[in-house]
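Novice: Let's have the full structure, built from the sequences with the hints guiding it.
If you read the sequences in order, they're chains A and B.
Residue numbering for the first sequence follows my numbering, beginning at 44 and increasing consecutively.
Residue numbering for the second sequence follows my numbering, beginning at 1028 and increasing consecutively.
There could be a bad hint or two in this list.
To be verified - Label pairs and their calculated CB-CB ranges:
#	chain 1	residue 1	chain 2	residue 2	range
1	B	Met1070	A	Trp113	19 to 29 angstroms
2	A	Asn119	B	Glu1075	24 to 34 angstroms
3	B	Arg1043	A	Asn119	40 to 50 angstroms
To be verified - Taking lysine to any residue pairs in the SDA-like style, the calculated list, with each CA pair at most 25 angstroms apart, reads:
#	chain 1	residue 1	chain 2	residue 2
4	A	Lys106	B	Ile1086
5	A	Lys106	B	Arg1088
6	A	Lys112	B	Arg1033
7	A	Lys112	B	Ala1059
8	B	Lys1449	B	Tyr1236
9	A	Lys106	B	Ser1304
10	A	Lys121	B	Ala1060
11	A	Lys112	B	Arg1043
12	B	Lys1551	B	Pro1848
13	B	Lys1859	B	Ser1783
14	B	Lys1449	B	Leu1133
15	A	Lys112	B	Ala1080
Simulated from the structure, these hints should not be mistaken for laboratory data.
Quick reminder that beta carbons are idealized off the backbone N, C-alpha and C, glycines included.
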Amino acid sequence: MPNIVTHKYGMPSGTLPMLILHVLQSGALHGYAIAHRIHVLSSEVLTVEEGLLYPTLQKMLLKGWVTAKWGTSETNRKVRFYQLTKAGLEQLKSELSGFDRVTQGILDVLRTA
Amino acid sequence: MNEFFRRLIYLVSRRRLDRELESDMQFHREIAAREGRNNFGNMLQLREEAREAWGWTWIDRLGQDLRYGIRVMAHSPGFTLVAVMVLAIGIGVNVAAFGLFDMVALQPLPVPHPERLLRLERASPNSYSSEMAYPSFLFYRDHARTLSAGMAVLGVPPMQIESDLQGTSTSFVTANYFSELGTRAPYGRMLNPGLDGSPSSPPVMVISYGLWQRRFGGDPAAIGRTIHLNNKPVTVVGITPYSLATLGGQSPDIWLPITQQAYFIEGSNVLTDFDNSSVRMWGRLAAGMTAKAAEQELRILTNELHRQHPAAVWDNEFIKSSPGGHLQVMQREMYQVVMTVSVLTLLILAVACANLGALMLARAVQREREIGIRMAIGANAARVLRQLCTESMLLAALGAITGLLLASAVLKIVLTQSDAPKWLSASPDLRVLLFTAAITFLSTLFFGLTPALQIARQRQHKTTARHILVGAQVAGSCVLLIVASLLVRATHHALFTEPGFGYERLVSIDAQLGQYGYSANAAKVYLDEMEVRLTAVPGVRSVSLVLLPPLGHSVSRETRNVNGESVMVYPNWVSPEFFQTMQIPMLLGRTFQSGDRNVVVVSQSFARRQWPRQNPLGKLVGDGKVSDMVVGVAGDAHLNALSNDDAVEQYWPIAQDQMAGAVVMVRMSGEVEGFPSVAKSISETLNPKVFPEIRQIRALYAENVRGIEMAAGAVTLIGVVALVLAGVGLIGLVSFTVSQKTKEIAIRTVLGASRSQVLKVLLGQFSWPVGLGLLIGVVAASASSQVLRQTLYGISNLDPIAYALALGFLLVTLAAAILLPARRALQLNLAKALHYE
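Specialist: Written out as structure tokens, the structure reads:
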């Protein structure tokens, strides 16, 4: 699979919130874990830089899609865990359906060209 | 909880949240490092980028800019002080002017529902009268559904308390006047419809707080006392409150119920006569009604009134309403005054802003290094621009606050010095504050933006903007000084030249016989007798009759089209001796003779405009149906338009049927001081029930001139302030240029340049902005001063002396402002100047 990542942060623009929401579905995670999970799940294709991750998380906090609460990391350090909210779940659903339509559209174009 | 509130929470607790963010990112790095992945991004910058999502970075930046701005200001307290003062003057003058306008025309009266009060006046396409007949008022009041109440005010000449020589100002009002305004008496009671609404009620009066203090020593026992007013017993029932709000700003000392008017002025038919327009009408809109609806209903009522009393209503008459819930009911002419004043005050603001702008540009050169360093370490032009604008805003805010304080102080002085109603307050209301904010914002744009743009683009050394600002200052002060000079000339002219008639030793005796029910014949008998008696008084030189006396209570004028120009004509009706009494020269022809019919005397200007370069004698004036022959041409004497030299007069012989309204004019050869009491005793023997109003024309004249005197004083002050600003600005700029060019001057001098050559190099750059500014100023002043013509007492708005005075003053000041600092350049220590660097 060719590297479709053209953005300097290694992420097609606009898709990061969706990915974050998706990985949070299975439970609360801290920032690094979110980046790590996305990296692993994408077979190490996608890299989430902190320069994009944290601003995005701030925006999502403001939108109310996630909340943050204190927890303890695997290294025994006090750190904030981000948790999906109801609104976040809704958002994920709507983004997914939108994304499906867009990818389908792109694939259709590519097939005929 | 929506996004907006979450954002607010982020604003409040952004310190804590920033620490949490920092901890998140720190942890991220720790783990990344442990897994052997290094991240070299600038942590601080990354954090700032993340924080930007909260949307509050601008507040932090503003805080930084403000702190920085305050530091910059504190570093140069001299500049800050000058800048704040300059702005405070510019803004303060405007705020004070607006504050006055606000008091007069915008502040609502402190009465219940002031917005429902209407001033109602008679109008038609050709005529206008501020007063209507009392029976017409009653008709409107009783039939109008759109009005919940109607109030009428009848102004009368001052009335005599006991045997005072000096009359006391008096108004008759409808008994509901005070109940409609919600006035409560501090002592006793106000008039009220239940007790005072009928002619048969016992005669009562309410006195003003001032009269109570002056005449009754503030004694509450004055209530219930019976005194004599024009020899009629009347009981004092109440005192008006100290801060009394009235309709149209009237403030008589005595208030009487209008239904008892005939009791005080015996034989009067004012209350029953449809032909006698003498009361001012006010209305209160019924709940939910609009002024427009009231006007429509009143139009229908006017037509009905016309059907019942055809003589009482003009052709196409209608009732015009204006908002009445303010101190003054604004008329069209007043807005012209307001416009003129605002142009003048905005000019001084423009001068102040241009001044400050130039000052900031000059300072920008000194700040070149500082700005350069900031740009070098990564600030972009936008950031620098924002910083400079913040500094300007800071200066402007300080200037505005100082200006506001200044304006409040001025208003306070005005309020205490004038006999303004006591409910007015000098402290700014919301409208004044908004105005201040708006004008501050505007001036910040004007004085701050140009320099900021130049600096941010690193173009400090371009002189064009600086020169434009110098030119603007010169032009602005030039206009202000010319206007001031014109007004000063007009005051001088009014004070030291005769206004076309001799106003010294002249007395008018207005018996108002018509008000006492005199017929024309009876009035003639009375006046003839009075004339005989007066002529016999030693020191009386000449006695005559006039319908509209100089500086009288009523003025008649019409605008007529004369040879394509519209001319303000002041008609009057006089007896043959009038011109002699008034000392108006008869330039051509003769005055009236008994038995003259269809003749007219016109003023010199009238003749010149109507028949240029022709002999006016024997010409006919009139509208075709009746023409009158010109038998004489009198000198110009603007009896009732003192300040308006464009006015012209036309005199007809006073007719028999006008006698009930005639006023006696008396010319004395000696002093007039003892004369009023003599005249009073004569009138008493003729008819003790008649109380004529005796007025000295000199005092009225002085009062009339006082207005223009004050205007001249105020504008002169503003003009001088503008000039000082411009002068100080120029001094600053020139000394700045000198300091910048020290080396150049030194080299030139060493190489043998003469002093005048050095000066030429140095000052050449100022000659065109100053010259152009002067030119623009003169052109603008001569074009716009046309509106002042009516207030200049016969001084032309292009009066060369006024212009020469203003320009001379301006040039001397500017020359001094340029040459004084430039002299320093000639006294340079050459060796030191060249050694430097």
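Novice: Compare the structure with the hints numbered earlier in the document and write down the numbers of the violated ones, lowest to highest.
Specialist: Violated hints: 3, 9 and 12; rest satisfied.
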